[in-house]
Every structure is written in C-alpha cells, then in structure tokens.
Amino acid sequence: MYHGHVYFPLRFAEQAETLRQKILSERKDILEVFPLVQRLVGPHKMPMFEIHFANKESGIVEWLEQERGDMSVLIHPVTGGEETLDHTVRAIWLGRELGVFEDTLSS
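Numbering of the sequence shown is given in UniProt numbering, commencing with residue 1 and proceeding in unit increments.
For the record, the hints were derived by calculation from the structure and aren't laboratory data. Accuracy of the hints is not assured; some may be wrong.
Stated by the list, open to error - Restricting the straight-line Cα-Cα distance to at most 27 angstroms, the calculated cross-link-like pairs of lysine-lysine (BS3-like) are:
(1) Lys45 to Lys56
(2) Lys28 to Lys56
(3) Lys56 to Lys22
(4) Lys45 to Lys22
To be verified - Ranges of calculated distance between the beta carbons of each label pair, as one might list FRET restraints:
(5) Thr84 to Leu40: 26 to 34 angstroms
(6) Thr84 to Val37: 30 to 38 angstroms
(7) Gly59 to Gly95: 16 to 24 angstroms
(8) Val78 to Lys28: 30 to 38 angstroms
(9) Lys22 to Asp103: 16 to 24 angstroms
(10) Leu85 to Ala13: 13 to 21 angstroms
(11) Arg11 to Gly80: 32 to 40 angstroms
(12) Thr18 to Ser106: 29 to 37 angstroms
(13) Gln15 to Leu40: 13 to 21 angstroms
(14) Pro9 to Phe34: 14 to 22 angstroms
(15) Glu26 to Leu85: 30 to 38 angstroms
(16) Leu24 to Leu85: 29 to 37 angstroms
Where a beta carbon is used, it is the ideal one built from N, C-alpha and C, also for glycine.
Please work from the sequences and hints to get the whole structure.
What follows is the structure in structure tokens.
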C-alpha cells in the first residue's frame, strides 16, 4: 500500500481540486481519493490531498509527475509502525521536496 500527498498553497486550491477530480475520473487504480485539506494537519507542512494506491508500478508515479503542475507530491509506502522511515528515507518526492514534521510520526 502507498499513500500519495499532493501539496498546494491555498492560492492553488482550485488547481489542486482539478487534479483531484482528474484522478477520480482517469485513474481507476487509485483505491481512495480524499478531499482537499486546506490547513496543516499531521506531519504535513502545507495543505494537501491524499490518495491511496496498491502498487506504484502501475504508472501512477509517472502520471502524477506529468499532471502535478507546480505542486509537490510525496509518495511513501505504508509498512506499518515505521511512519518516520516511510515518510523520509523510503519516500519519493515529485517536485520540490518539502519534508515533513517528523516529531508527529511514530518511529
């Protein structure tokens, strides 16, 4: 299982929602697409929306790279119990690497 977090400044909320809708309509391999979160939450340093998918080999990483525009995307595995490693060492960034607030994650 993987999570993707698409980050956006509030002034790009409309662009983020457009991408979210495009994911919903075009990417049947995405298991879940969550609404925009227009505030800081958890380890995330910017507003974002989250997607869940089973396999990063499905072409989703390349698709997100092509479609993300100026937004940064964090892709990380969900290994269970090692959130810090999942969000840092095991993570892939598309666009500018924003980092996460590691002190909010379990190790």
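Here's how the hints hold up against the structure:
1. At most 27 angstroms may separate the alpha-carbon atoms for a hinted pair to count; Lys45 and Lys56 meet this at roughly 23 angstroms.
2. Distance restraint check for Lys28 and Lys56: the Cα-Cα separation of roughly 13 angstroms lies within the 27 angstroms cut-off, and the hinted pair is therefore satisfied.
3. Pair hint Lys56 plus Lys22 holds up; C-alpha atoms about 18 angstroms apart against a cutoff of 27 angstroms.
4. A hinted pair counts as satisfied when its Cα atoms are at most 27 angstroms apart, and Lys45 with Lys22 qualifies at roughly 24 angstroms.
5. Between Thr84 and Leu40 the CB atoms are about 18 angstroms apart, so this pair departs from the stated range of 26 to 34 angstroms.
6. Checked against the hint of 30 to 38 angstroms, the pair Thr84 and Val37 fails, with Cβ atoms roughly 21 angstroms apart.
7. The hinted range of 16 to 24 angstroms is satisfied by Gly59 and Gly95, whose Cβ atoms lie roughly 18 angstroms apart.
8. Range check, Val78 to Lys28: Cβ separation about 20 angstroms, and the 30 to 38 angstroms hint is violated.
9. Distance hint for Lys22 and Asp103: a CB-CB separation of about 34 angstroms, inconsistent with the stated range 16 to 24 angstroms.
10. Here the CB-CB span from Leu85 to Ala13 is close to 31 angstroms, at odds with the stated 13 to 21 angstroms.
11. For Arg11 paired with Gly80, a C-beta distance near 36 angstroms keeps the hint of 32 to 40 angstroms intact.
12. For the pair Thr18 and Ser106, the beta carbons lie near 34 angstroms from each other, so the given range of 29 to 37 angstroms is met.
13. For Gln15 and Leu40, the hinted distance range of 13 to 21 angstroms is satisfied, since their beta carbons lie about 19 angstroms from each other.
14. Checked against the hint of 14 to 22 angstroms, the pair Pro9 and Phe34 passes, with Cβ atoms roughly 18 angstroms apart.
15. A beta carbon spacing of about 31 angstroms between Glu26 and Leu85 agrees with the range 30 to 38 angstroms that was offered as a hint.
16. Separated by about 30 angstroms at the C-beta atoms, Leu24 and Leu85 satisfy the suggested range of 29 to 37 angstroms.
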